[in-house]
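S.K.: I would like the entire structure built from these sequences, with the hints used as guidance.
Each chain, written out:
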Amino acid sequence: MSALPPAIAAIERPHRNLWTLYLIRALFTGPAFPVVAVVLYFRYHTMRYRFDAQGVHMRWGVFFRREINLTYRRIQDIHLRSGLFQRWLGLADVLVQTAAGSASAEMTIEGLQEFEVVREFLYAKMRGHDDGASTDAASPVAAALHEVARELVAVREALDRVGTR
Amino acid sequence: MWSRFVALVAEFCATPAPPVAARGARVFHASPAFFHYRIALWLAVRASTLLFIVGPMVALELAVREASNLPWALRALLYVIEGGALVGWVISLPVGYALARLDYEQRWYVVTDRSLRIREGVVIVKDMTLTFANVQNVTVEQGPLQRAFGIADLRVQTAGGGGGEQPGQPSMHTGFLRGLDDAPALRELIMARLRVGQDAGLGDPDDRGTAPEGATQAAIGEVLAAARALGDAARRLAGN
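Protein chains in written order, with this note's numbering: chain A, 0 to 164; chain B, 947 to 1186.
Do not rely on the hints blindly, as some may be mistaken.
[Claimed, not checked] Over the 12 Å line for every Cβ pair with chain B, so calculated as not near, a few chain A residues: (1) I7; (2) A9; (3) W18; (4) T19; (5) P30; (6) A31; (7) V34; (8) V38; (9) L39; (10) A98; (11) V140; (12) V161.
[As the list claims (entries may be wrong)] Subject to a maximum C-alpha distance of 20 Å in a straight line, what follows is the list of computed SDA-like cross-link-like pairs (lysine to any residue): (13) K1072(B) / E115(A); (14) K1072(B) / L121(A); (15) K1072(B) / A960(B).
[Stated by the list, open to error] Short, incomplete list of chain B residues facing chain A, as computed with Cβ under 8 Å: (16) V1056; (17) R1060; (18) T1075; (19) N1080; (20) I1166.
What the hints contain is simulated information worked out from the structure, not anything from laboratory work. Cβ atoms here follow ideal geometry from the backbone N, Cα and C, with glycine treated the same way.
M.R.: Dropping the structure here:
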């Protein structure tokens, strides 16, 4: 696996505009505002992302902790979704879906201003993005067959030298 | 005037830039006939709404004329309500048209030979990306009115169940390309990719750089060793 792009590897915390967005969302709940705001406050402050060579990990929560891990190769489709407030704040949700049957996306990467970069990165890691031709050439079987071919060429050259003598 | 309106809306809604064609991708809108189809549908709905407003109005007017001893305040209230309904209907005309046109203009399809991207929405912008390697099935749908307009919808589904974001909506695993004028061509493109693919489209772990089975690998190892020995022998012979 190739190394992660620095822009992706650097992603760890959501942008602080996510907190603003959470406050706006909490306002819309009306009388439930204090409760929702506290819950979202902790959600925002504990949210962590980690992109590694095989997959992406996301966790949050204080009392009820949750951690989602998924591998790039299992991604089925990627959605970008942004409402008015999100676009005003420069944010968008990246919804990552696997073939599991859950009603919503398996992972919602929220609060990142570099959502386009993330989407392009995940897309490049998806199955079917390339034909795997480069990795196929590097497979051990191909390497062994190439060496066999080289040895056979060497044998023929040696026989030629013996014959011309 | 329309373009200035669009610019204003884009400014207010912070509309993302339209997708760019990269690496052989084809970026296109739905067919113009799709816009006409939407307008025709919308006009039909508007016309029937007008019937539902004007019909009761006429009936009320006749009833009011019968009851001549109706207090004037009640009569005025009736007229205000009727007037309001009519004004609402008139206002809905440009608004509905603008929404339909914006939806058409801000609906983009990006197709490469191995992936698909659908961008849609004005207020809530949605952008779905999928690769054909994950596609399970492709459906072409065409109603009678759509046939008259020469368009069809293409539904591309990847694996995984679950409903839509709201009840009644198609699953989030569905890419819905509305209003294509050449849906069969796109279907063929995707189906051709599906026929080439040997896997189930479920993220099989061995679909990259096909890992050989143990026996095959051992046999290849033997061949390699034999070739090396043969090469060494030949070189020794030639060197003497």
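S.K.: Using Cβ atoms only, decide whether R1060(B) comes closer than 8 Å to chain A, and label the hint accordingly.
M.R.: With Cβ-Cβ at 6 Å, under 8 Å, it holds.
S.K.: Does the claim that A31(A) lies outside the interface with chain B hold up, using a Cβ gap greater than 12 Å?
M.R.: holds, 21 Å
S.K.: Beyond 12 Å on every Cβ pair: is that true for I7(A) relative to chain B?
M.R.: holds, 16 Å
S.K.: Please check whether the beta-carbon of P30(A) is more than 12 Å away from every beta-carbon in chain B.
M.R.: At about 25 Å from chain B, P30(A) clears the 12 Å cut-off, so the statement holds.
S.K.: May I ask you to check that L39(A) keeps its beta-carbon over 12 Å from the closest beta-carbon of chain B?
M.R.: The claim stands: L39(A) keeps its Cβ more than 12 Å from every Cβ of chain B (closest is about 20 Å).
S.K.: Taking the minimum C-beta separation from V161(A) to chain B, is that value above 12 Å?
M.R.: Non-interface label fails for V161(A): nearest chain B Cβ at 5 Å, not farther than 12 Å.
S.K.: Please confirm whether A98(A) is truly not at the interface, meaning its C-beta sits more than 12 Å away from all C-beta atoms of chain B.
M.R.: About 4 Å separates A98(A) from the closest Cβ of chain B, which leaves it inside 12 Å; violated.
S.K.: Between K1072(B) and A960(B), does the CA-CA distance stay at or below 20 Å?
M.R.: holds, 14 Å
S.K.: Quick check on the hint: N1080(B) CB to chain A CB, less than 8 Å?
M.R.: The hint holds - N1080(B) has a Cβ within 8 Å of chain A, the shortest such distance being about 5 Å.
S.K.: At a threshold of 8 Å, is the proposed contact between I1166(B) and chain A supported by beta-carbon distances?
M.R.: The hint holds - I1166(B) has a Cβ within 8 Å of chain A, the shortest such distance being about 5 Å.
S.K.: Does the closest beta carbon of chain A sit nearer than 8 Å to the beta carbon of T1075(B)?
M.R.: holds, 4 Å
S.K.: Please confirm whether A9(A) is truly not at the interface, meaning its C-beta sits more than 12 Å away from all C-beta atoms of chain B.
M.R.: holds, 22 Å
In terms of the numbered hints stated before, the structure departs from hints 10, 11, 12 and 16, listed from lowest to highest.
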